[in-house]
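Undergrad: Please model the entire structure based on the sequences and the hints provided.
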Amino acid sequence: MVTAQPQPVITLHDGHIGLLERLMQTTYRGTITAGRKYTVEIYMGRTDTYDYTIEQCVYNSRITFIDSYGCLRRDNVFVQKWESEQYAVPGTVKRTLVHFIAPEPVVRIECQLRIYECCACAQSYCERRPSLEYYYNYNVPLVCQYPISLPPPIGSGVIPGDGMYRPGPGCSQGCPPQPYSPGGFGGNGWYNNRDFGGIPWWIWLLILGLLLLLLTCLVCIVAGCLLARRRKRTTIQPLPPPPPPPERQVYTIDESAQTLPEMRSTSMQVEHDLAQKRQLQFDDGGIAIPLRNQPPSDTESIQEARTQRVYSRHNYEKEAHGTYPSRRYETIHMNGHLPQQQYQQRTLTDRRAMSRYQQVVRTENSDQHRRLQRELEEEARRKQRNEEYARRIEKHLEEHRRHPYSEPPSGEETFREETVRTMRQSSVI
1 MVTAQPQPVI TLHDGHIGLL ERLMQTTYRG TITAGRKYTV EIYMGRTDTY
51 DYTIEQCVYN SRITFIDSYG CLRRDNVFVQ KWESEQYAVP GTVKRTLVHF
101 IAPEPVVRIE CQLRIYECCA CAQSYCERRP SLEYYYNYNV PLVCQYPISL
151 PPPIGSGVIP GDGMYRPGPG CSQGCPPQPY SPGGFGGNGW YNNRDFGGIP
201 WWIWLLILGL LLLLLTCLVC IVAGCLLARR RKRTTIQPLP PPPPPPERQV
251 YTIDESAQTL PEMRSTSMQV EHDLAQKRQL QFDDGGIAIP LRNQPPSDTE
301 SIQEARTQRV YSRHNYEKEA HGTYPSRRYE TIHMNGHLPQ QQYQQRTLTD
351 RRAMSRYQQV VRTENSDQHR RLQRELEEEA RRKQRNEEYA RRIEKHLEEH
401 RRHPYSEPPS GEETFREETV RTMRQSSVI
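Just so we're aligned, residue 1 is where the sequence shown starts under our numbering, counting upward by one.
Check the hints yourself; a few may be wrong.
[Claimed, not checked] Simulated DEER-style distance windows between Cβ atoms:
#1 Ala228 with Thr49: 49 to 59 Å
#2 Glu85 with Thr216: 48 to 58 Å
#3 Glu85 with Glu55: 17 to 27 Å
#4 Thr49 with Gly15: 25 to 35 Å
#5 Arg233 with Leu211: 32 to 42 Å
#6 Leu210 with Pro241: 52 to 62 Å
#7 Cys126 with Arg22: 21 to 31 Å
#8 Ala4 with Cys71: 27 to 37 Å
These aren't lab readings, by the way, just hints derived from the structure by calculation. Ideal Cβ positions, reconstructed from N, Cα and C, are used throughout, including at glycine.
TA: Next comes the structure, spelled out in structure tokens:
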């Protein structure tokens with residue numbers, strides 16, 4: 001079904017009116033007076049399917065007051081332009097109002113409009129300047145002339161105040177009122193009837209939407225596969241169980257193999273050897289080993305005695321210089337007593353050492369004071385420990401002096417004491 005194309009209308013009003021005033025008035029019955037205010041109106045219906053733009057308007061064939069983008073060129077004649085908004089609703093009208101002040105009593109306005117087959121695509125065309133060449137379009141000329149008695153120019157159609165198109169002398173009766181424009185994309189045959197290659201535009205839009213939906217699904221599937229693969233790679237593998245511990249080998253001790261009598265006999269032999277060494281006598285000059293029990297003709301015995309004398313002197317010098325401070329007390333108590341002169345000399349030496357420490361302690365150096373204080377404390381602890389050792393050794397040797405060759409009573413406690421005594425005597429030797 002072919003529908004009729006809309007007809008735009010141009011008319012004139014007295015004064016400067018608004019967009020909501022004097023709607024659908026197509027006839028002007030007033031007069032033109034120089035210096036008075038007037039309004040030029042262009043309006044068109046069926047705006048839910050069609051829209052228009054003003055490409056050019058000329059006043060009295062001299063002043064172009066609207067340019068190619070539908071913008072008003074303001075001056076002292078044309079002062080303001082208004083255009084409808086929100087007209088993309090069935091039953092509404094698009095209006096364009098131009099306020100001007102007539103400089104002379106004659107008004108002739110020639111406008112060139114372009115009609116587009118679209119819905120509100122040319123709204124605010126001067127501000128937005130959208131690209132509309134892809135819409136089907138055609139040109140429509142409009143002319144408004146007052147007073148009407150003026151002869152129109154040759155070759156142009158005249159639209160008087162009643163809005164009806166009347167062809168001019170240069171146009172025959174069969175001249176169409178709405179010539180189609182052959183130029184631009186709007187005149188191409190492939191876009192006529194709003195289709196592409198014989199396929200309606202809404203089918204192309206549906207195909208485009210399906211392609212976008214398919215592309216979105218593919219992207220989601222690929223992203224899901226990559227995420228699942230990454231999770232599979234980052235899954236924590238369970239640790240293998242630890243290896244079983246190695247078997248421990250338990251060794252048993254055969255108690256029947258212990259030879260307690262041999263250890264007891266060894267302890268007695270050590271005591272006998274120590275008893276022989278107690279016969280050594282210490283004096284100021286050195287160590288003298290009596291050889292009254294050795295025959296003078298036995299050369300090997302004499303050589304062995306000399307060797308024992310040398311080792312005894314060497315050990316005595318070590319003890320005298322403090323190399324083994326703990327052995328000094330053991331040697332003294334094992335030999336019975338300490339000479340009075342030697343005891344006094346050593347006591348004097350200890351007092352001199354303590355006086356040396358007392359002088360150093362009074363120094364002002366805090367680090368040296370703490371270091372020497374620690375040395376004094378260690379010396380006191382060492383003396384206390386040595387006195388305890390000496391007391392125990394004296395007690396033990398006192399028992400041996402009373403019973404040098406008595407057989408100790410048998411028992412577990414006696415065996416433990418003999419073992420400890422043997423170890424201490426071995427360290428002394």
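Undergrad: Which hint numbers doesn't this structure obey?
TA: 2
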